Amino acid sequence: MEKSKRFLDIGILQAFGILCVFLGHALRIYQNGGWYFHKATPNLFCDIVDKFIYSFHMPLFVFLSGFLFYLNKDKITSVFAYILKRAKRLIVPFYLAGFLYVLPMICFINPLDKSAGFYYLKFLTMDYTWHLWFLPMLFLITVFFALYYFKFSKLNRYILLILLITASLLKINGIPSCFAMIPKLAIYFYMGCVFVEFKDFVKVKFSKFLPLIFILMLGVESLLYLYPRYSILGLLSAGFAILFFYILAQKFSEKGLGENKIISFLSVNLFTLYILHEPIMAMILKYCDW
7 MEKSKRFLDI
17 GILQAFGILC
27 VFLGHALRIY
37 QNGGWYFHKA
47 TPNLFCDIVD
57 KFIYSFHMPL
67 FVFLSGFLFY
77 LNKDKITSVF
87 AYILKRAKRL
97 IVPFYLAGFL
107 YVLPMICFIN
117 PLDKSAGFYY
127 LKFLTMDYTW
137 HLWFLPMLFL
147 ITVFFALYYF
157 KFSKLNRYIL
167 LILLITASLL
177 KINGIPSCFA
187 MIPKLAIYFY
197 MGCVFVEFKD
207 FVKVKFSKFL
217 PLIFILMLGV
227 ESLLYLYPRY
237 SILGLLSAGF
247 AILFFYILAQ
257 KFSEKGLGEN
267 KIISFLSVNL
277 FTLYILHEPI
287 MAMILKYCDW
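Quick note on numbering: the sequence shown equals residues 7 to 296 in this note's numbering.
Bear in mind the hints are in silico, worked out from the structure with no lab data behind them. Here the structure is a predicted model, which means the values were calculated and not measured. Just so you know, not all the hints are guaranteed correct.
Straight-line distance between alpha carbons at most 25 angstroms, and here's what the computed BS3-like set of lysine-lysine pairs gives [what the hints assert, rightly or not]:
#, residue 1, residue 2
1, 57, 292
2, 81, 91
3, 205, 160
All chains, full assembly: derive it from the sequences and hints.
Listed below in structure tokens is the structure:
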């Protein structure tokens with residue numbers, strides 16, 4: 007029963023995460039030059055909500071990946087076989103979805119008024135992969151932690167934590183997003199691994215402080231909105247948001263929300279929805295006057 011509830015917790019967070027992705031991309035049109043298309047007059051409220059979502063929704067997905075990785079790591083019998091399996095799950099869909107779905111749709115929409123060759127070349131060099139950047143990035147982070155836990159586990163976990171925190175604060179420019187985001191997001195994968203170990207502790211000790219965590223989350227988010235260049239604020243805001251929504255998901259799971267059909271659909275079809283959503287949204291925004 008406990009194992010079932012654990013996956014209901016994660017299912018709620020997965021559903022919440024993909025809804026945040028949808029909303030975040032929809033609100034990007036209200037920023038100056040934000041997404042493919044944007045409104046002539048930006049909307050301050052939409053901008054605030056959009057920046058709030060973008061401060062934690064990708065860290066949340068990486069956190070969930072780390073959580074599930076650690077939850078199932080005892081089933082891994084061969085690191086090489088596991089890495090190959092993850093490549094089939096993440097890298098093969100990256101290229102198939104990219105060449106057969108995303109790129110044709112983007113060429114049809116043509117948000118940058120470029121030739122098809124431009125888009126395909128940019129994709130091949132991973133310089134312009136649209137929302138699919140997340141797949142190779144997650145694959146490489148997963149490979150790193152698979153090697154750490156099964157080949158280099160003698161490395162002190164506190165040293166690893168310090169290295170990951172330091173890496174997350176670095177500003178890396180001039181390389182594709184799928185590579186630049188690895189040091190920034192790897193800390194959240196490790197956070198997911200740690201949460202599996204201390205799941206009951208978090209539930210017992212932190213749930214009573216949920217209102218305080220909410221206030222801290224909003225406070226740090228406000229500072230991040232005013233001072234976006236400070237990387238430490240981004241790390242803290244994502245951390246507090248993940249903790250807050252994780253505890254909230256536990257509470258909702260206890261009330262049976264995880265068994266809701268819509269939540270279950272979003273959770274089960276998370277990967278497919280993520281791959282399909284952006285070109286469809288871009289086409290709607292291009293041809294509908296929102």
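The hints, checked one at a time:
1. 57 x 292: Measuring from Cα to Cα gives roughly 22 angstroms; hence the hint holds.
2. 81 x 91: This hinted pair holds, its Cα atoms lying about 13 angstroms apart.
3. 205 x 160: Since the Cα atoms of residue 205 and residue 160 sit roughly 23 angstroms apart, the hinted pair holds (cutoff 25 angstroms).
This entry satisfies every hint, going by the numbered hints stated previously.
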